[in-house]
Structures are given as structure tokens and as C-alpha cells.
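Enquirer: Given these sequences and hints, build the entire structure.
The sequence shown begins at -18 in this note's numbering and counts up one residue at a time.
Quick caveat, the hints were computed from the structure, so don't treat them as lab data. Please read all numbers here as calculations on a predicted model, not as lab measurements.
Computed spacing ranges between beta-carbons, pair by pair: (1) S111 x Q53: 20 to 26 angstroms; (2) L59 x E119: 19 to 25 angstroms; (3) D80 x K27: 42 to 48 angstroms; (4) D81 x F22: 30 to 36 angstroms; (5) R16 x K95: 52 to 58 angstroms; (6) D80 x A15: 32 to 38 angstroms; (7) W60 x E147: 27 to 33 angstroms; (8) K95 x A26: 57 to 63 angstroms.
Each residue gets a CB set at the ideal place from its N, CA and C atoms; glycine is no exception.
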Amino acid sequence: MAQPLRRSAEAPAKASRLAPAPPPSDAVNGMESARDLLKRFEKLAKTGGTFSTDPERKPYVFYGTQHLSMSQVIEDNLWKFDLSAMSRNVLDHLKTHHDDQALVEMTQSSLAAKFGCSQSKVSRAIGQLSRHNFTWKERRGMYRVHPLYAYRWGSVKQRRLVKSLEKVLLEHEIVIPTVRNEATR
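Expert: Written out as C-alpha cells, the structure reads:
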């Protein structure tokens, strides 16, 4: 069988030079470089384990003996606040109609029309919610609902908002009231 003819090796034409690889650096815009990712894969292949693209999770906070989020704790103890029916209606409206910044655009007159009651009744309900720090007025027609109550605990939105409102939230702490026994009153 005949062998195909081989060509002799020629010097390659002038090769274009590639730009040097950037030096290893920290994450850019929250993303790690391909080099860092490759190193993590190599380490994972050697030592075993799991790989996740999610950011590191913050440690959990425990309230009492149960593993619950703050919004669940508040929700479970909402009866201790002794809120009026209108306050509960307004609180439900705030919780379901807020934006990413936990802001709700509403007026007392629009809520009164929605719930079919007087504006003064809505005003008393908002006042009761404000005393317990569930909401507070940011400016005319704009209320902020407390992020620890409004969002699922540990969600990205909640963590981001709590961090941006840290000083404000220290002033607006929701304290669950203790219930006095009827016999001791």
C-alpha cells in the first residue's frame, strides 16, 4: 500500500501575539474570574465536596427555641399586638402592595374608599401600626412597611433592604408585647 506524500514542516507564518492574561484578582462585579473558578474546580476534584454558584449564606438567627424567621415570629404573635380589624386590613394591604424598597404609595382617603369606611378610621389604624413600628410615613402619600415583616427572611431583597435601612430600622424596632394574664389585671 502506498504511503501518502508528506510535506516537510515549514516555519509558521508570523503568528499573531495574544494579549497576556490579566493577573489573578478578586471578584469583578461579584463574579469571580475564570482562573479563580478553575482553581476552585481543581481543588474540588482533589478534595471532593460540593460546588455552588450561590453566594455564601449568612448564619441563621434563632428566636427562642424554634428555628423561625422574624416575619414568622411576628406573624405567629400578631394577636398579642391587639390590632383592630381595620389595622389588620391596612397591614395586609401594606404587605401585599409594597415595592422593592418596601414602600407603598397610598392615601388615607383612597384606603377609606377601598375599605368602605371613614378616613378617620383609616388614620387611627395607621397610627396604631405606626406605634408598633409596622409602618411609618416617609412622605405625603408614601409609607414604608417594616422589611422584617414584609419580606421572607433571608431573601436577597430583604437582606439588601435591611442593609440599606440599618439606621432607620434601629429606630423602628418591632417589639412583641407580652400578654398579661386576665387574673392579674
